[in-house]
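Once you know that position 574 of the sequence shown is 574 in our numbering, the rest is easy, because the numbers rise by one and skip nothing.
Source of the hints: derived by calculation from the structure; they are not laboratory data.
Keep in mind that the hints are not guaranteed to be accurate.
Derived DSS-like pairs (lysine-lysine); straight-line CA-CA distance at most 25 angstroms [what the hints assert, rightly or not]:
(1) LYS510 <-> LYS539
(2) LYS862 <-> LYS698
(3) LYS476 <-> LYS510
(4) LYS587 <-> LYS605
(5) LYS132 <-> LYS510
(6) LYS24 <-> LYS379
(7) LYS382 <-> LYS362
(8) LYS72 <-> LYS11
(9) LYS18 <-> LYS132
(10) LYS264 <-> LYS11
(11) LYS871 <-> LYS766
(12) LYS132 <-> LYS233
(13) LYS698 <-> LYS362
(14) LYS44 <-> LYS11
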Amino acid sequence: MFNLLTNSGNKVLRQNEKQIHQIKTLASEMAMWEDIKLQSQTQKLKTQLKNGSDINDLLPEAFATVMATCQKLFAIKLFDVQILGGILLHKGNIAEMKTGEGKTLTATLPAYLNALTGQGVHIVTVNDYLAKRDAEWMGKIYTFLDISTGLIQQNMTADQRKSNYDKEITYVTNSELGFDYLRDNMAIDTHELVQRNFYFCIIDEVDSILIDEARTPLIISGPSDIPTNKYIKSNQLAQKLIINEDYEIDEKAKNIILTDTGIKVCETFLNISNIYQIDDPWAQYILNALKAQHLFLKDRNYIVKNNQVVIVDEFTGRIMPGRRWSDGLHQAIEAKENVSIQQENQTLASITYQNFFLLYNKLSGMTGTASTESQEFEKIYKINVMTIPTNKECIRIDLPDLVYKQEYNKWAAIANECYDMYQIGRPTLIGTTNVEKSELLAKLLDEYKLPYNLLNAKPENVEKESEIIAQAGQSKTLTIATNMAGRGTDIILGGNPEKYSQLIILKTIKDYFIDQREPILDDYKPNTEIQLHLQTLVKSLEADITFNEMHSDQIILFAETCIMNNTSNTSQSSEHTVQHIQNAYIKILEIYRQICLIDRDHVVKLGGLHVIGTERHESRRIDNQLRGRAGRQGDPGSSRFFLSLEDNLLRIFGGDKILQLMETLNIDDETPIESAILNRSLNNAQKKVESYYYDIRKQLFEYDEVLNNQRQAIYAERNRILYSTYVRDCLIEYGESTIEEIINFYKKEKTNTSHTQVQEKEIYQKIQTILNLPTEFSIDLFTQMHEQEIECFLREQFRITYDLREAYLEQLRPGLVRQLEKYYLLQQIDTAWQEHLEKMANLRESIGWRSYGQQDPLTEYKNEAFALFIKMITYIRETVSYFIMRSRLVIDPEKTIKSS
């Protein structure tokens with residue numbers, strides 16, 4: 001395996017050299033073809049597949065087709081390393097490609113090839129913005145080649161989702177994809193289903209999705225009736241408890257433990273005898289309130305927006321509206337922030353990302369940083385990480401970390417570094433770990449009177465994201481950003497002229513036509529020539545009646561489409577308007593290309609982009625992603641991390657030893673330590689944290705694997721019922737299984753010496769109740785029969801009763817009985833499954849205590865989970881049989897018929 005041996009990028013390139021050369025030769029020939037001939041390739045390749053050709057044999061021709069199309073549409077020639085990335089993705093690997101190497105275009109190669117099968121390809125991104133951007137940009141290649149492209153966005157209806165999932169290639173975020181899967185498995189009609197089978201998946205930023213987000217499962221929940229007053233009271237109590245006396249904080253495990261003294265204080269305050277009592281528990285509420293106070297901090301783990309607590313993703317720095325922490329933690333934070341407390345939710349369906357993505361026949365992914373987690377990818381997902389060499393050698397200089405005694409000195413040093421870089425003229429990117437720290441640095445730079453761009457989870461900053469990142473490579477530009485993972489926009493030295501020109505056009509249109517005011521373009525610093533083009537554009541659009549009748553969001557969308565697609569075909573406005581927008585954009589772009597080119601040369605001479613890290617992250621990958629923003633495509637660049645002994649990572653993992661060393665050497669507060677030994681110890685600390693989180697994910701996966709086997713069985717049964725037009729046989733099967741189970745139970749009871757005639761009568765009474773047998777039938781008759789005779793008799797009676805029930809319902813409303821059968825089956829399966837999930841969650845929480853009795857918790861969990869599953873299946877069969885045998889129609893006063 002590649003992961004066990006030296007996975008040299010150049011070695012992998014050499015192994016595929018022959019095939020890469022073949023693809024390039026074909027692509028050069030195809031680039032000379034007429035459009036219609038190139039477009040006919042799709043139908044030709046599809047026909048070859050239908051006629052039995054192997055998909056791997058079509059790879060060179062399919063890849064060459066995409067490359068030639070890319071050259072025609074964008075005038076871009078793909079690098080050898082991008083072709084190599086495409087080959088490895090098609091084979092089901094993770095391609096580790098550095099930032100700026102063109103991962104988005106690389107994905108089009110295997111996506112097109114696998115889309116030819118007609119089974120559907122999913123390209124998964126970390127957020128809606130990237131999904132939309134990639135679908136629009138790469139969609140031009142697929143549309144040209146007659147491959148349909150879909151896009152899933154947050155607010156789409158079920159019909160829109162179905163239509164987009166049915167396309168040959170679909171761009172979607174990981175959360176939308178997972179939640180649609182869960183919703184599909186809660187549907188009660190085939191028309192509600194939106195997804196089809198899972199064939200091939202390419203995950204962008206694969207480490208972010210399969211590693212970072214895999215700690216928490218996807219959960220669809222509904223409101224439960226748990227009262228909210230406990231959260232308020234627990235919050236008041238948490239403020240009275242004293243740290244290290246009433247409770248202790250375990251920062252490594254992010255957990256809080258109540259001491260004996262603390263338990264007594266809680267019980268006195270609440271006036272109860274036991275906070276752990278089963279019928280009215282308080283312990284979980286108190287612990288959540290303490291976690292909310294100490295472990296979940298405002299502007300770090302969450303922000304308060306519109307009187308709501310909104311989670312901040314610790315890996316991307318983005319807000320996650322609609323997501324909530326489970327087990328009452330979110331409510332505890334709402335009580336702490338004194339905002340309205342929403343009802344706690346009951347789990348209706350859930351799945352982990354590990355088990356969800358393992359549903360695909362073939363899984364692959366791309367990222368700039370995956371090699372540090374290669375072991376986990378191999379063990380859990382059975383996929384290898386392949387490091388692909390850069391197209392041009394990376395010449396970025398990664399300077400040693402500087403470690404200060406106190407955090408104050410560290411921030412002062414960072415501000416001084418920013419000041420020095422600004423005076424030199426080098427663009428500088430400062431990566432912070434949370435909102436709070438980014439705003440602290442912003443205030444420091446205000447003191448220095450330095451201009452900067454701030455990008456964090458605050459809504460007012462998020463809106464400018466693509467604009468800020470696109471221009472972060474300009475000289476004399478300071479950019480403060482919370483975690484840089486999955487930003488999706490390259491930092492181009494000298495600035496991004498295309499993005500800048502687009503923003504100027506869109507801002508002009510928005511200012512003049514939507515906000516009804518003169519355009520204020522100070523942010524964009526346009527020169528006189530650009531302003532002249534903009535004035536011409538505004539006058540021409542102002543004169544256009546069709547354009548003035550458009551709605552505000554239509555205007556922006558229309559302008560974006562004109563610029564991005566570079567097309568003059570639209571049904572929304574006249575060709576005259578389109579042409580003016582295009583002309584203004586092209587002229588402004590030409591001017592900015594010259595400006596950015598001059599600035600780029602200046603920045604390159606100064607040393608390129610300088611990246612400053614303000615804290616080591618728990619994962620080395622996140623640090624590498626930040627560093628990777630500098631030195632793209634052979635550009636010069638540098639990076640340096642500024643740390644302090646008060647930083648979380650150093651404080652928790654051995655910073656006291658470094659502090660002793662600094663005091664022994666009599667180093668003052670303002671002097672930092674720069675040491676290779678220190679760097680190694682920091683890397684070891686990060687490895688420990690990574691290992692700890694890996695264990696958490698591995699444990700989550702192992703426990704969910706038990707539930708996953710049950711989930712697949714339940715979902716398979718649901719699908720069998722959902723797609724069946726005649727489920728009568730299924731109901732008969734359920735009824736007969738119920739009879740068999742009760743008879744077996746009766747046999748066991750009979751062997752028991754304590755078995756009495758009363759118990760026997762109770763068993764038969766239960767059979768009569770469930771199967772709705774005639775009350776005239778004497779239970780005493782059972783005592784005169786053998787067990788086999790009883791079973792045959794009950795089966796016969798059940799079928800007769802069922803036939804009578806069916807005839808009765810058919811007579812009242814033809815076809816109703818078939819609907820009722822399906823409805824009762826699905827309803828009872830869903831209800832039982834939801835209750836089962838709750839029981840499994842409770843079992844999962846309590847099973848850890850078994851280890852104190854020298855028992856393996858996982859083995860015990862498997863055994864008890866199986867028993868619970870069998871009990872649930874029995875319950876489903878009994879309740880379905882009970883309800884269907886008692887179905888009747890009620891005619892209400894309005895003469896409408898209802899079932900009950």
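Structure versus earlier hints, numbers of those that do not hold, lowest first: The structure breaks hints 3, 4, 6, 8, 9, 10, 12 and 14; every other hint is satisfied.
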